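There are 2 protein chains.
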Amino acid sequence: MGIAEEIAARAAQIDKMIEGYLPTEEGYARTVLSAMNYSVRAGGKRLRPMLMEASYELFGGQGERVYPFMAAIELIHTYSLVHDDLPSLDNDEYRRGKKTTHAVYGEAMGLLAGDALLNYAYEILAEAMVNDALANGACETNMARAFAALSSNAGYRGMVGGQVVDVESEETGADSMSREKLSYIYRNKTGALIQAALMIGAILADADEEAVGKMREIGDHLGMAFQIRDDILDVTSTLEVLGKPIGSDEKNHKATYVAVYGMEQAKREVERTSEEAVRILETCGGDCRFLRELFRYLIDREK
Amino acid sequence: MGIAEEIAARAAQIDKMIEGYLPTEEGYARTVLSAMNYSVRAGGKRLRPMLMEASYELFGGQGERVYPFMAAIELIHTYSLVHDDLPSLDNDEYRRGKKTTHAVYGEAMGLLAGDALLNYAYEILAEAMVNDALANGACETNMARAFAALSSNAGYRGMVGGQVVDVESEETGADSMSREKLSYIYRNKTGALIQAALMIGAILADADEEAVGKMREIGDHLGMAFQIRDDILDVTSTLEVLGKPIGSDEKNHKATYVAVYGMEQAKREVERTSEEAVRILETCGGDCRFLRELFRYLIDREK
Numbered sequence: 001m002g003i004a005e006e007i008a009a010r011a012a013q014i015d016k017m018i019e020g021y022l023p024t025e026e027g028y029a030r031t032v033l034s035a036m037n038y039s040v041r042a043g044g045k046r047l048r049p050m051l052m053e054a055s056y057e058l059f060g061g062q063g064e065r066v067y068p069f070m071a072a073i074e075l076i077h078t079y080s081l082v083h084d085d086l087p088s089l090d091n092d093e094y095r096r097g098k099k100t101t102h103a104v105y106g107e108a109m110g111l112l113a114g115d116a117l118l119n120y121a122y123e124i125l126a127e128a129m130v131n132d133a134l135a136n137g138a139c140e141t142n143m144a145r146a147f148a149a150l151s152s153n154a155g156y157r158g159m160v161g162g163q164v165v166d167v168e169s170e171e172t173g174a175d176s177m178s179r180e181k182l183s184y185i186y187r188n189k190t191g192a193l194i195q196a197a198l199m200i201g202a203i204l205a206d207a208d209e210e211a212v213g214k215m216r217e218i219g220d221h222l223g224m225a226f227q228i229r230d231d232i233l234d235v236t237s238t239l240e241v242l243g244k245p246i247g248s249d250e251k252n253h254k255a256t257y258v259a260v261y262g263m264e265q266a267k268r269e270v271e272r273t274s275e276e277a278v279r280i281l282e283t284c285g286g287d288c289r290f291l292r293e294l295f296r297y298l299i300d301r302e303k
Numbered sequence: 304m305g306i307a308e309e310i311a312a313r314a315a316q317i318d319k320m321i322e323g324y325l326p327t328e329e330g331y332a333r334t335v336l337s338a339m340n341y342s343v344r345a346g347g348k349r350l351r352p353m354l355m356e357a358s359y360e361l362f363g364g365q366g367e368r369v370y371p372f373m374a375a376i377e378l379i380h381t382y383s384l385v386h387d388d389l390p391s392l393d394n395d396e397y398r399r400g401k402k403t404t405h406a407v408y409g410e411a412m413g414l415l416a417g418d419a420l421l422n423y424a425y426e427i428l429a430e431a432m433v434n435d436a437l438a439n440g441a442c443e444t445n446m447a448r449a450f451a452a453l454s455s456n457a458g459y460r461g462m463v464g465g466q467v468v469d470v471e472s473e474e475t476g477a478d479s480m481s482r483e484k485l486s487y488i489y490r491n492k493t494g495a496l497i498q499a500a501l502m503i504g505a506i507l508a509d510a511d512e513e514a515v516g517k518m519r520e521i522g523d524h525l526g527m528a529f530q531i532r533d534d535i536l537d538v539t540s541t542l543e544v545l546g547k548p549i550g551s552d553e554k555n556h557k558a559t560y561v562a563v564y565g566m567e568q569a570k571r572e573v574e575r576t577s578e579e580a581v582r583i584l585e586t587c588g589g590d591c592r593f594l595r596e597l598f599r600y601l602i603d604r605e606k
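Protein chains in written order, with the numbering used here: chain F, 1 to 303; chain P, 304 to 606.
Any given hint could turn out to be false.
Stated by the list, open to error - Residues on chain P that point at chain F, a partial pick, calculated with CB under 10 Å:
#1 Ala332
#2 Ser383
#3 Leu384
#4 Lys402
#5 His405
#6 Gly440
#7 Cys442
#8 Ile535
Worth flagging that the hints you see were computed from the coordinates, not collected in a lab.
All figures in this text were calculated on a predicted structure; none of them were measured in a lab.
The beta-carbon is built from N, C-alpha and C at its ideal position, and this holds for glycine as well.
Please model the complete structure; the sequences and the hints are all you need to start from.
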């Protein structure tokens, strides 16, 4: 089985696992449940849960205790896209070749479905922690640490922070963008959840502090590589391959890495950061074959 | 000291406690931090943390372990108001006599500040749980249970669910509103967080299941009484007293309890549900004087 097939098989498994967490569309509030499920089922690469599970396995983690965290991080990623697509932010009608949530359910329901998805991620963690506590007399420290890593990287010190600066930097254009600020945006908007995924896998597998620190570093590099690759694809890909209009960054005068540093430098930075991620990964011990190939795949992806 | 002064003194203490959790407005993302802090500082009665603390005390709870939960529930309440005020929902420019968050910071920042506030509530809980786990070797079961009560009541099975049905019921008007659906909206949109506050106080004070169940019931009645009182004030109060335009429910053709059942029946229902709440409260044992007076005060309030 090639890496593409292996990734597809894992994504299918993750889809099935997440499906088990989705609410049944019934009762008075079923419109929002339907909008939540639509958003999650609209797909995506399931990259964050996949990274989390692979990190968990790398450090010898076994069993299903990582599942609620995998589901939660994907729901948080999904809510961020739903809100990002809203008219007051990017105002996107399509994502991954499908209508965005608010384009189908209306703006009010897009807003509320995003809120419900974010909150539900934590409901899932809370239930897992209660079950752990009831089974063992108290809730394991690593679960609390994983909860802290997820919530902290998802909030104003992480993903939301990056999103805010990204929004504010639009329209100011490439000229006024400092290297430091661009790096802040990428590390937080895109990097923070990727980093959380890798760290949480290690934490739940009871890896030591040094290993969790390495995952933090790897996540930082990988997030950067992944986002710059995204910028490159916005220039070089097509609507058919990408499932959304290309050239939108330029249209929005967005100060991307490509706009600020040019295409060649962007490609070199993707190489440099992904090589650095692999270099650190190989010092972690254990069988890192899948993660290494996954990193490579993400960097070489065409969509 | 009369009950009004006692409530004001407690609210001031709560303000001070919450202030200690607010992020410092610095760094690239400071606009959203400023919007978060503006939203929280815009005030309000601090009713939910006050109910939580009083319930905690009623069941013999001591010390500061209830503080992170008090802060978290107020942040969740605040985020819900910030999103509720957005143009795609109620489109309100004023609340409590002050400009709403999006009216000051713009719609994109209102959306993101709400997201950041909701997420931050859980960051606060996560940090408290990690600290508890590091101090005691594992995280106490009651903290996990309190986390579950908060998250579950804040989401699609609670506050967001009620909000969704409320939004969908607008424009359909009073005629098409069933008693059951109106009750669903009130119990969830308004009741769910009030209920969570009372339950969490009991849970963290290590009260037994029966006591937590009583708090659940009380919260249900009190939430109903509180929301109907809100509807009554929307008809009978003034802009100056309420800090927001009155008559907005009628203008929006909103199917409130008053619109559906009339003013007299609404007043009777406030009396009935609040008396029921007090009746159950008095079976809980302990000194319930403050909670009883607080219930009364909330029901008799003029704003």
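Problem - In rising order, the numbers of the hints this structure does not comply with - result: Those not satisfied are hints 3, 4, 8.
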